[in-house]
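Enquirer: What follows is each chain in one-letter form.
Protein chains: 2
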Amino acid sequence: MTRSQLVDNIRRNKSYLCIGLDTDARKLPKHLQSSVDGVYEFNRQIIEATKSFCVAYKINAAFYEALGSKGWEIMERTVGLIPDTHFRIADAKRGDIGNTSSLYARAFFETLKFDAVTVNPYMGEDSIRPFLEYDGKWAIILGLTSNPGASDFELQPAGSALLYEQVLKKSSQWGTTENLMFVVGATQPESFKRIRGLAPQHFYLVPGVGAQGGDIETISRAAIIKDFGLLINVSRSIIYASMGEDFTVQAANAASSFQRQMISFII
Amino acid sequence: MTRSQLVDNIRRNKSYLCIGLDTDARKLPKHLQSSVDGVYEFNRQIIEATKSFCVAYKINAAFYEALGSKGWEIMERTVGLIPDTHFRIADAKRGDIGNTSSLYARAFFETLKFDAVTVNPYMGEDSIRPFLEYDGKWAIILGLTSNPGASDFELQPAGSALLYEQVLKKSSQWGTTENLMFVVGATQPESFKRIRGLAPQHFYLVPGVGAQGGDIETISRAAIIKDFGLLINVSRSIIYASMGEDFTVQAANAASSFQRQMISFII
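Heads up: the protein sequence lines correspond to chains A and B, in order.
With the working numbering, the residue at position 43 of the first sequence is 43, and numbering never jumps.
One rule links them: number in the working numbering = place in the second sequence (from 1) + 1000.
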């Protein structure tokens, strides 16, 4: 998906909401079978119920890998459920030496049909480069994450700035605003203005809203640009809005509620 | 596998060689079927031919993920081929927020029966912690990697040291010498003495020997300690020593040649 297609989809759905399919086989509503097939059925119903309120889905690879090869197969089948109008993100945090990263890129962009994959910048340019070599595909580089551990290295001084700032500054040169995004956690909204200065035109994928405490309005006010440049991810607060038979209704309600907070930012 | 078991195995096999199963379905010897089953058969024969010359096998997850769920299944079956006497490493470079890393740990330590998994330190302590909560299992944290991109961040100043030095210093406090190792690339042997000062008792997993240019003697001289503290990984130079029908013989010869260089360091 190109940037202009993504922006068009945001305008059409009046939403820059991304829904995280962090589907845990051990936490399915009771009436769904507690199995890998249950995960698929849960995802199918969640996507059906929420797709008009969002523009992207983010599949958290860990939840599927925990189920072994059958879980990986459910991930493959879940990507196939996401409509073409929606941006498909593999939240996989990959990154390795160049020839190995090429295989991760093949895994997520060719074998699986994702539009984007989250990648870790620690190993530097050649570990990210293979993800930037596909037309219409994106690397989403970890900048500032939403977890407590962000303070261990990301928020530590590195040269004349903080490490995550160096990452944004340097890695934004490796690609373009058409194939590179950044993860910037919602739990640090006070940093957004400074971050916009470092990567003014890039899209940000913002996790940490909902269960992790960030809120849509604060983030949007601080980070939105003319063609949005923003995908805000919510996982647990939507997909686990109810654990009962009404889980699709409650997920739709939660997604709709997040989406309504975005309307005023979409002109 | 505990540290003392690993050390005993090194003494018994007179080897601290780890063989990397970076098995590319597109590069199998011609007489093997070019398919996922071909990958399994290749791994089976390589393990059988080389197991007396090494103490560990490292499975590079990317090569299996590139084949989709069938590749993940071959990874599962390949782990099952590695004898109990050998240390099983998933080279997967994982790491995410705590609740997600718990699922990666479950994937590699429970669903798959690996002894260790490589992890990326960028996101800090809570992203690594779940990998340290299994008895006899190990997290292998990326310190200094062997690729050109190491100069982008790892080798940049961070506070009073370089970033990878801060990583070693801080993260060595998160676990013990019994559940935490570090990746330290062989292409930087001049750094080994300084690194030993930062994490004097930890095991290092050293990639970069063979195809990437490092050599056994230089590394061993610089980094070995009383109970070794060293696993040197070789992938391509062993498993692709020959692309013909004699590939097992040539892989065994290559593995044996690397192992012979280790004997004088094992007392």
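Just so you know, these hints were derived from the structure itself, not from any lab.
Accuracy of the hints is not assured; some may be wrong.
Pulled from the structure, derived: some chain B residues nowhere near chain A, Cβ distances all over 10 angstroms [what the hints assert, rightly or not]: (1) Asp1008; (2) Thr1111; (3) Glu1245.
In silico lysine to any residue, SDA-like type, Cα no more than 25 angstroms apart, as pairs [stated by the list, open to error]: (4) Lys70/A <-> Lys1051/B; (5) Lys1170/B <-> Leu162/A; (6) Lys226/A <-> Asp246/A; (7) Lys1169/B <-> Pro148/A; (8) Lys51/A <-> Thr2/A; (9) Lys1169/B <-> Thr2/A; (10) Lys70/A <-> Lys1169/B; (11) Lys1014/B <-> Lys1051/B; (12) Lys70/A <-> Gly1038/B; (13) Lys27/A <-> Ser1102/B; (14) Lys70/A <-> Pro1148/B; (15) Lys1170/B <-> Lys70/A; (16) Lys70/A <-> Val1036/B; (17) Lys70/A <-> Gly1098/B; (18) Lys1070/B <-> Gly38/A; (19) Lys1027/B <-> Glu110/A; (20) Lys1170/B <-> Gly159/A; (21) Lys27/A <-> Thr1111/B.
Ideal placement from N, C-alpha and C gives every residue a C-beta, glycine not left out.
Enquirer: Now tell me if each hint is right for this structure.
Expert: Hint check:
1. Asp1008: 31 angstroms, holds
2. Thr1111: Label violated. Min Cβ-Cβ 4 angstroms, cutoff 10 angstroms.
3. Glu1245: Answer for Glu1245/B: holds, closest chain A Cβ roughly 26 angstroms.
4. Lys70/A <-> Lys1051/B: Outside the cut-off at roughly 30 angstroms; violated.
5. Lys1170/B <-> Leu162/A: 17 angstroms, holds
6. Lys226/A <-> Asp246/A: 38 angstroms, violated
7. Lys1169/B <-> Pro148/A: Satisfied, since the Cα-Cα distance of roughly 19 angstroms is no more than 25 angstroms.
8. Lys51/A <-> Thr2/A: The hint holds at about 19 angstroms.
9. Lys1169/B <-> Thr2/A: 42 angstroms, violated
10. Lys70/A <-> Lys1169/B: 39 angstroms, violated
11. Lys1014/B <-> Lys1051/B: 12 angstroms, holds
12. Lys70/A <-> Gly1038/B: 20 angstroms, holds
13. Lys27/A <-> Ser1102/B: 15 angstroms, holds
14. Lys70/A <-> Pro1148/B: Measuring from Cα to Cα gives roughly 36 angstroms; hence the hint is violated.
15. Lys1170/B <-> Lys70/A: Since the Cα atoms of Lys1170/B and Lys70/A sit roughly 37 angstroms apart, the hinted pair is violated (cutoff 25 angstroms).
16. Lys70/A <-> Val1036/B: Given that 25 angstroms is the threshold and the Cα spacing comes to 16 angstroms, the pair holds.
17. Lys70/A <-> Gly1098/B: With Cα atoms ~23 angstroms apart, Lys70/A and Gly1098/B stay inside 25 angstroms; holds.
18. Lys1070/B <-> Gly38/A: 20 angstroms, holds
19. Lys1027/B <-> Glu110/A: With Cα atoms ~18 angstroms apart, Lys1027/B and Glu110/A stay inside 25 angstroms; holds.
20. Lys1170/B <-> Gly159/A: 18 angstroms, holds
21. Lys27/A <-> Thr1111/B: Roughly 18 angstroms between the alpha carbons, so the hint for Lys27/A and Thr1111/B holds.
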